[in-house]
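Here this note's numbering is used: the first residue of the sequence shown is -4, the next is one more, and so on.
Any given hint might turn out to be false.
Below, computed lysine-lysine pairings styled on DSS-like, alpha-carbon distance capped at 25 Å [unchecked claim]:
#: 1; residue 1: K203; residue 2: K216
#: 2; residue 1: K153; residue 2: K165
#: 3; residue 1: K203; residue 2: K217
#: 4; residue 1: K203; residue 2: K219
Simulated from the structure, these hints should not be mistaken for laboratory data.
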Amino acid sequence: MSAYPTRQVVQTLADEITQGRLDVATTVDEALRRGDADGACGLLLAASVAGRPLDASHVATVLPDLSDIELLPVLVGACRGDRVGMLLDVVEAGRSSDERDAVALFLAVELLAGAPLPPRLAGLLRTHARRMLGIEASILIALAAMRLGDPHILDVAKAWLPMAKAVEAKPLQERLLRQLSSPTLSVLPEHPPARVVSGFTVRRAVPKVGRNDLCPCGSGKKYKRCCLERDVERAADPSPLPGLTRAEYLRTGGPRMTASEVDRLRPYELAEIDLPTLGTLPLISALRRATAFQRWDLAERAMEALAARTDAPGGDGEGYREELISAAVDAGNVEVARRQMTRMRADHAPHASDLLKLELMRPTVETLAHLEQAALIALRTPQGEGLFDLSFALLKASPALGVVVARGSLSARRWLDSSVVIDAVEEARDRLGLPPGDAGRDLFELLLDRDAARQEDDSVRGGASAERDSLAAKAEALHDKLRESKERVADLERRLRAHEASLGPDQAGKPAQPRAQATGIVPAPAPAQSQDEAERRRLRAKVDELKHLLTERNEERTTLRRQLAGVNDALAAGFPQVERTAEPEESDPGDEAAVDAPRTILIPSFAPSCDDELRGLPAAVARRAMVVVAALAGGDTAAWRQAKQMTSAAEPLFTCRVGIHHRVLFRIAGGALAVLCVVHRKDLEGAIKRHGRIAVR
């Protein structure tokens, strides 16, 4: 049953179903309980071949875990019921890769067959169009957007639309449609695809013996007449350990597994491992792998094994329990989240944002009072950390209210958090069916402009020179151009809305006729056409021209902002800054001094110990650390305002905040930014003493 669903395997299972020797629903449930998605897929396909196709609801739990993405359209085509709704449920669950989500959304659009566009589908398409996509995923998103023709989807997906004309687009589209609509057996392969084994060196599961040599089992027979046939089967299932098949390796190889090997395991393979036998770092990988697949039973088993370890990064495993709770909350699994909260040690507590999200999932009469208290605590925080937690919690549970609160959390001083919350606001607008482009983005740009102007004023007050005056004048001129550009954009948007209103709702979304290139002259209508039709063509051409101009003005605006940022960086790097009086969220140990952003790009490098440290950190902290390092290396002035130099260190040593509780230590030498470690604030003093005497190699 666990074999890859080839044509022969599916036909054999279909015969069993036809003869009444196989209960499909029961066997599918058993396969899914074991994490065997391929086995469940074969059963579902066999049921379709036997003339007993199952409802789409059975397929939703299978699609995310299929070993081969090519099986996805075949399985969707073999089921019945609300297939569009099922595909949207799969995408919303967040368990699949972007490539699988793109296939699912493309198939959902095709299955609509002219029916009204579901708001959920429109929102999910917009959300995925904002992501960084691979070639095939971008092609499918572009094809789906163009097929629907919705102006809001086209606006968000405009960066991907040229991919619909790529050479790979037509063959990909034809293959998926063929797999979706053809009879099941005709599109299944005769043989399973070649298994790709990566991440380790394959070792022989059997010794190398000549066919005519004596069999090593001691029977006295020639090898070809004794164990050869059995060993051929074993040799087809390699593993990283000599003498073991992969199945044996999963059952007994836990103590020798590495974290990178665990990172490549499928759910049913994770279920075979004796988790307590794994080393600490591989066990952390198993916990995160199980969480990513939402195999909560495996995740909780891994967590209990990790809780007993004393060598986990950070000192104990409770930080990973917090990570598990956050993942369960984000997935909407209240039972797992609450169960893990009851198992936390007394000296640890769940994140306030997770508690708030849980309460918003099941609100009570006290929920409003708790929200008020959370907002008050956030407002008292100097850097407003709690405002972002409150925003994310509301954006998930009450997106409309979350959009309003998120706008109030934006801050130029918290540029990274603000950028993330703006992206979350756009996704909330997608779910609400609101047009893209929240007013909070414009507000944030104004805050950044004001902060840049303040930096400029600080630099001007720091000294007087011809170069400084020239830069200040250039910055002022760029400010004026930026204001003019914003005004032109607003005027174009007003004119565009007016012309679209003139066309009417049935005409505004239609493709415009070719626009005049140099003169802007609209071609005259053919004599046989009515005057009304000619006027509509003229208006559509004008709308297209205005959209083109609007795109150009937005690009001009972006260019001006980059130029202004460059001038402000030059001012910040070349002249002393006025000392800031705002108090930090927490004071770090040791003597420290503010530092200016470098004037050149730095190439980041990591100490060997950083690999284990980053792997051991909670996922959210590790991601933020990498973003902070990239910003520092790129010379971002906002990031460098969070950096300090440890003046007590024998060698130049710098720290920078990664959220409230973590710090990254680094040095600058030879055009490189050498990252030494990422530590919790409580361990910062020891890290400074340890690295303060180590010279950069």
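Hint check:
1. K203 x K216: The given pair, whose Cα atoms are some 16 Å apart, holds under the 25 Å limit.
2. K153 x K165: 19 Å, holds
3. K203 x K217: 14 Å, holds
4. K203 x K219: 12 Å, holds
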